[in-house]
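Chains as they are written, first to last, in numbering that gives the first Met the number 0: chain A, 0 to 256; chain B, 0 to 321.
Just to be clear, a hint being listed does not mean it is correct.
Straight-line Cα separation of at most 25 angstroms, SDA-like style, residue types lysine to any residue; simulated pairs [unchecked claim]:
| id | chain 1 | residue 1 | chain 2 | residue 2 |
| --- | --- | --- | --- | --- |
| 1 | B | K2 | A | N121 |
| 2 | A | K75 | B | R105 |
| 3 | B | K5 | A | E131 |
Derived by calculation from the structure, the hints in this document are not laboratory data.
Given next are the chains, with one letter for each unit.
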Amino acid sequence: MYFSVENLSISFGGLNAVSNLTFHVDENEIVSLIGPNGAGKTTTFNAICGFLKQMTGNVSMKGESIVGLAPNAIAKRGITRTFQKTNIFPNVTVMDCILMGGHRKVKESFIDIIFRTKSFQNSEKELWEKSEALLEFLGLEARRDVLAKNLSYGERRLLEIAIGLAVEPDFILLDEPVAGMNQSESDEVMSLISEVRRRGLTVLLVEHNMDVVMNISDRIVVLDHGKKIFEGCPAQVQEDENVLEAYLGKGFIDAQG
Amino acid sequence: MNKTGKKVGYLVLGVALVLAPFIIQDKYFIHLLIEAGLFYMLVAGLNLITGYWGQLTLGHTAFVGLGAYTTAILNAKFNATLPMTLGASIIICLIVSILFGLLVLRLRGPYFVIVSLCFAEMLAIVATNWVDLTNGPMGIPGIETSVISLPGLGELAIESKMGFYYFMLIIVAAMSYIIYRLLHSVIGRASVALRENEILSESVGISAFTYGMIIFVTASIFAGVGGCFYAHYYTYVNPELFGFTYTITMLIMLVIGGKGTFIGPMLGCVVFTILPEMLRGAEYLRDPVLGVILIMVAMFFPHGMGGAIKSIGIKFQNREGR
Numbered sequence: 000m001y002f003s004v005e006n007l008s009i010s011f012g013g014l015n016a017v018s019n020l021t022f023h024v025d026e027n028e029i030v031s032l033i034g035p036n037g038a039g040k041t042t043t044f045n046a047i048c049g050f051l052k053q054m055t056g057n058v059s060m061k062g063e064s065i066v067g068l069a070p071n072a073i074a075k076r077g078i079t080r081t082f083q084k085t086n087i088f089p090n091v092t093v094m095d096c097i098l099m100g101g102h103r104k105v106k107e108s109f110i111d112i113i114f115r116t117k118s119f120q121n122s123e124k125e126l127w128e129k130s131e132a133l134l135e136f137l138g139l140e141a142r143r144d145v146l147a148k149n150l151s152y153g154e155r156r157l158l159e160i161a162i163g164l165a166v167e168p169d170f171i172l173l174d175e176p177v178a179g180m181n182q183s184e185s186d187e188v189m190s191l192i193s194e195v196r197r198r199g200l201t202v203l204l205v206e207h208n209m210d211v212v213m214n215i216s217d218r219i220v221v222l223d224h225g226k227k228i229f230e231g232c233p234a235q236v237q238e239d240e241n242v243l244e245a246y247l248g249k250g251f252i253d254a255q256g
Numbered sequence: 000m001n002k003t004g005k006k007v008g009y010l011v012l013g014v015a016l017v018l019a020p021f022i023i024q025d026k027y028f029i030h031l032l033i034e035a036g037l038f039y040m041l042v043a044g045l046n047l048i049t050g051y052w053g054q055l056t057l058g059h060t061a062f063v064g065l066g067a068y069t070t071a072i073l074n075a076k077f078n079a080t081l082p083m084t085l086g087a088s089i090i091i092c093l094i095v096s097i098l099f100g101l102l103v104l105r106l107r108g109p110y111f112v113i114v115s116l117c118f119a120e121m122l123a124i125v126a127t128n129w130v131d132l133t134n135g136p137m138g139i140p141g142i143e144t145s146v147i148s149l150p151g152l153g154e155l156a157i158e159s160k161m162g163f164y165y166f167m168l169i170i171v172a173a174m175s176y177i178i179y180r181l182l183h184s185v186i187g188r189a190s191v192a193l194r195e196n197e198i199l200s201e202s203v204g205i206s207a208f209t210y211g212m213i214i215f216v217t218a219s220i221f222a223g224v225g226g227c228f229y230a231h232y233y234t235y236v237n238p239e240l241f242g243f244t245y246t247i248t249m250l251i252m253l254v255i256g257g258k259g260t261f262i263g264p265m266l267g268c269v270v271f272t273i274l275p276e277m278l279r280g281a282e283y284l285r286d287p288v289l290g291v292i293l294i295m296v297a298m299f300f301p302h303g304m305g306g307a308i309k310s311i312g313i314k315f316q317n318r319e320g321r
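Based on the sequences and whatever the hints tell you, model everything.
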């Protein structure tokens, strides 16, 4: 199993934010996690990436459990995420943001740095080249030297994804990447996610925009009140009664039926 | 400012500093420059912690005092020469900062500020009360002239103002070089990332603890070297070295100079060592005038002098680009 979550339960005091959640993601797959607000999607993300400690159950990547690791250790194993509320490095340039994102693959010792050895120079050169290529890939090269906080909202969200990709992860978790974007911007992000997958990444997506979810997901996991109520392909999910009920209420189904 | 322009700028600055004692014969002015250099040794580290890593520390003097007392005690009791005292100061600050870091680098914001301040105060109390070792509030006077024995070249005595001036220049150059290299490497990027957004940094694989530790230890060693230089130059140390006055002076130099900029601490140290002296003529108006200057700089250049230079540079570059 490439990535799996088994019997994940998270409770805050008396509130069960997530209970007994089990799902898996295969290599190079796009899986969407959807559900009404408060269903526990972001909480699940936080638990997977090590930002939440009060959880039970198991999360494993390539057969190895990653429970209890610090977020940076999880990132070092190739799992990274973006955030629902835009999270960037505000007071540095776009290029610097990407360079910072590339941290994981940079190996420079203190001695290398002080004496500016050949291996240091190569490592810096490689990082800069990769970062330039990534900027170009995302269409941000014209904004290279702009402070990240001065970007437009759509560009900032794009930059956030760029920082995630700069990590060169194997598995990326995107938390509502197109929230608040207009149609053309969200189309752009959608094709970006498909392209990212084509390049070999695995994606777990949380998203409210159903156009995006239905178009690019291989599989969909639906949560409601912290429980998994459905898992299947996009075509099935639109037919499922439990899902319709969770989103639209029981009355809607009765009226239809 | 493009890259070559910057390089030429630093080269001119370097040459000017090397030649300064020959052009300016005034001993007192040389003394002021040495003092500014001494402050740079302390503020440079503070800039790493506060400017780049983004944590405010009020305990930087702890390591200055540690370096100074190590030097004073070794020199007074064991007749240690400068290379030995310098090495010992570095090692002691390395060990203490790692131990201190292991305990408190999980703290952030106001908690870190308070604990760092307490640490400095604690060392001040130790220095005041451990009379056998530190001679208590009297301090340790008469620290010997510093002699460096160069293999094959005989002995080099750093006793004159000139000697100290060049010694200071070497340390300052070495420190700025190290800082420059660190900033343009994975360490500098990681620490700025932590300042900007610690949660995002963690999620891209930057360990807040590891990089915080590297920055903190480097800065503490710089402070220790500064302390060692202080002890040799003034030949006297007392517990006031740990005091809050020094902390405030250092912070003013840093903030007005421009925290988080490379050139800022240099400007801050030079201006705030020399400016108060130039204002001596104003007698009782000196402190108010200094205060007004401080407020003006803080109002009109919120990122300090270094920040102002940077933004002028960017404007200049944009105009060139058009």
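Here's how the hints hold up against the structure:
Distance restraint check for K2 (chain B) and N121 (chain A): the Cα-Cα separation of roughly 20 angstroms lies within the 25 angstroms cut-off, and the hinted pair is therefore satisfied. Of the pairs offered as hints, the one joining K75 (chain A) and R105 (chain B) holds, with about 20 angstroms between alpha carbons and a cut-off of 25 angstroms not exceeded. Only pairs whose Cα atoms come within 25 angstroms are accepted, and K5 (chain B) paired with E131 (chain A) is accepted, the gap being roughly 24 angstroms.
Checked against the numbered hints above, the structure breaks none of them.
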